[in-house]
Amino acid sequence: MTVERIEKIFLGLTAAMLLVFLGALFYSAFGMGMHLPDREGEILPSEVRNTPPFDDPGVREVGDNQYEVVLIGAAWSFTPREIRVPAGAEVTFIATTTDVIHGVHIEGTRLNFMLIPGQISKVTSTFREPGEHLMICHEYCGAGHHLMYGRVIVE
Amino acid sequence: MKNPTVASPEGFQLPDSQRRVIRWMIYLAFGALFIGIINGLGQALNYARVDILQYFPGMRNYYQGLTVHGVVNAIVFTFAFANGFLALTTSRALARPLNTPLLWAVLGTMVAGTLLAGYAMATGQASVLYTFYPPLLAHWSFYVGLALLVVSTWLTAILLFGALRGWRKENEGKRIPLMAFISVATYAMWTLASLGIAISVVGLLIPWSLGLIAHSDPLLSRTLFWYSGHPIVYFWLLPAYVSWYVMVPRQAGGTLFSDPLTRVVFIMFLLLSIPTGFHHQYTDPGISGGMKALHGVLTFGVFFPSMVTAFSVMYALEIGGRRRGGTGLANWFLKLDWKNPALVAQILAMLTFTLGGITGLINASYNLNQAIHNTAWVPGHFHMTVGSAVTMSFMGIAFWLIPYLNRQELVGRGLALVSQWVYFFGVLVMARGLISGGLDGMPRRTEMLEAPYSKPSWELAGMLTGLGGTLMFVGGMLFFAVLIATVLFGKKTDTPEDIPFTDTHQPPATTGWEVKLDSFRYWLIAAIVLILIAYGPFLAQYLPGNFTSTGYRFF
Ligand code: HEM
Ligand SMILES: [Cu+2]
Ligand SMILES: [Cu+2]
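Protein chains in written order, with our numbering: chain A, 46 to 200; chain B, 335 to 889.
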């Protein structure tokens, strides 16, 4: 099998491009701490509202400039519907669902994760600027899916 | 100069009885597309805040229509076309008739599967979208219908491997003709890839929908779905690649440069398509970041054969353009036969696929995925892949395939050309709308007209979506006008035509290591090893699973 010179150049450039992209991605993940959701434990969907921390959903300060948001998705609303956090604080979302799969996307941010029955989702991020963001359920969850949303207010 | 290694040099014709069965498979495919496109119009206009779905008879809500759109377009249309088309290419390349009862069985299971799933969707008992994630619970007939559609692809795989085996017995030591090799490779890949959906549907969801087991495991079923759900995009795409590699060069007056490299490309798809499914689950809980990263790297790997394809196909087109008097760096492109609708459809398909590929690489980019996951960006992306690159290729193929199967002449060549240009511009405009909206947080799978929330920037995005979708719809309907006119009024031709296939500049080696490329057995084993590496660690720590979800009918 002979491969033409021009093709070798083309494929070499393709490989180089892909490697550069991968390098940038891994730097952003492991160098800058932009992580994806990981394994955070399981939960019984029917018992969510009786299982800590989901027995007390809401926002709380857990440390110096650190906040925790305990969030529950259920057809077709979020609890809490409105989340207030200060700008510049490190915010960790701990979330799950009581029924079907839902999604959470806080538009304008990289907070974008799934709620899967039986699984606990956890993501951390910082809202740098004050402002308001829609928090949208972005996974189909039944006939009222488009009604399911909330707000994040950064103060 | 005909090279015998692409397909048998004898002008083989499939027996009439088998040609008829394949014709009905292609009709089923386009019948499904017809219904799908009508629903697509409703969805696109919904993003533009225009409600036409209320006039659709029997439509209960947006999501019922969206389920139909996904299932008939992405599953029935693509499966039926692949089953018929690659059965034909294999049989022609090997110069062997197919097994008639098996061919009928393929058609039969497809029709039965479509009717069952169609019944469940039409009666509103399966508005779970084409991804059918539990614990949303559909009527059992939906799952059984889907299972039958998958079975039809397995029967096709048996058909193709059977033909290949028969050919090998009579042609010991010879290289498999290229057109047969790449067709069979497509089915080898998909057979392995479809096991995930099959296990989930047959093993978990059907018994669950019948009440035989009480609970489902949403994460497990989702993982099994995406085990098949990424490679399925290559199952959609590879029949188009078969055409791009061995037919388009001929239609463009060019030559495929390298036979061995083409085989290597399809082998890479067989190896790398499957161990990448977690890139659809980047934002899922319950799966470790390390495994997601591994699938991310492998996904970048499977981008490679598509780049080789871009090169090879472009090269073949350039040879064609230069033979037609093209000169300079780009002038050959203008010299291509822009009056041949079969060719034009597929060139335009390649152009949208370039954009589809770039957006796909962005989707695959690990944490960058969080910027666009489940936003309108995603349908923006895949209407430039399956929704146009694949669909327009299949429409382009139909421009010669229907006349070939029916021994008729194409009616309305001019209209055929117009249909493809309109669809092409339509999809670019719609994708522009969906992609810009998605970057701004506009969600997918959402009845925007009824949503209580919105953003000012979504307005233009929605309007472009509606406008582009309308153009796609018009292009699609013009295509169907050509198709129906051809079937009804196309002049009969007496001399049977052959299917168009290219010769190659660089034929396959008949000695040395390259001969080993034709051993599917080794490639399948290698693919299984990669799958075990990619999914083994997750399954080892996750099984026996978390079966705690009861079913919900929230529709
Ligand atoms: C007239 C042509 C078409 C139009 C106007 C159109 C429009 C749309 C729109 C606007 C969506 C997004 C809906 C939403 O997320 O709420 C969508 C989804 C989709 N389309 Fe199309 N489409 C067309 C043709 C096709 C074709 C030919 C295919 C595949 C062969 C296809 C496959 C899909 C799939 C798989 C989805 C995702 C469904 C889901 O999210 O469950 N579409 N389409
Ligand atoms: Cu939802
Ligand atoms: Cu994928």
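A couple of the hints might just be wrong.
[Said to hold, decoys possible] If we take Cβ atoms under 7 angstroms as the criterion, some of the chain A residues that face chain B in the derived model are:
1. Ile54
2. Gly57
3. Tyr72
4. Gly78
5. Glu85
6. Gln111
7. Glu113
8. Val115
9. Arg155
10. Gly176
11. Glu177
12. Tyr185
13. Ala188
14. His191
No lab work stands behind these hints, which were simulated from the structure alone.
As the structure is a computational prediction, the values presented were derived from the model and not from experiment.
Glycine included, C-beta positions come from ideal geometry on N, C-alpha and C.
Please flag the earlier hints that this structure goes against, numbers listed from lowest up.
-> 1, 2, 3, 4, 6, 7, 8, 10 and 11
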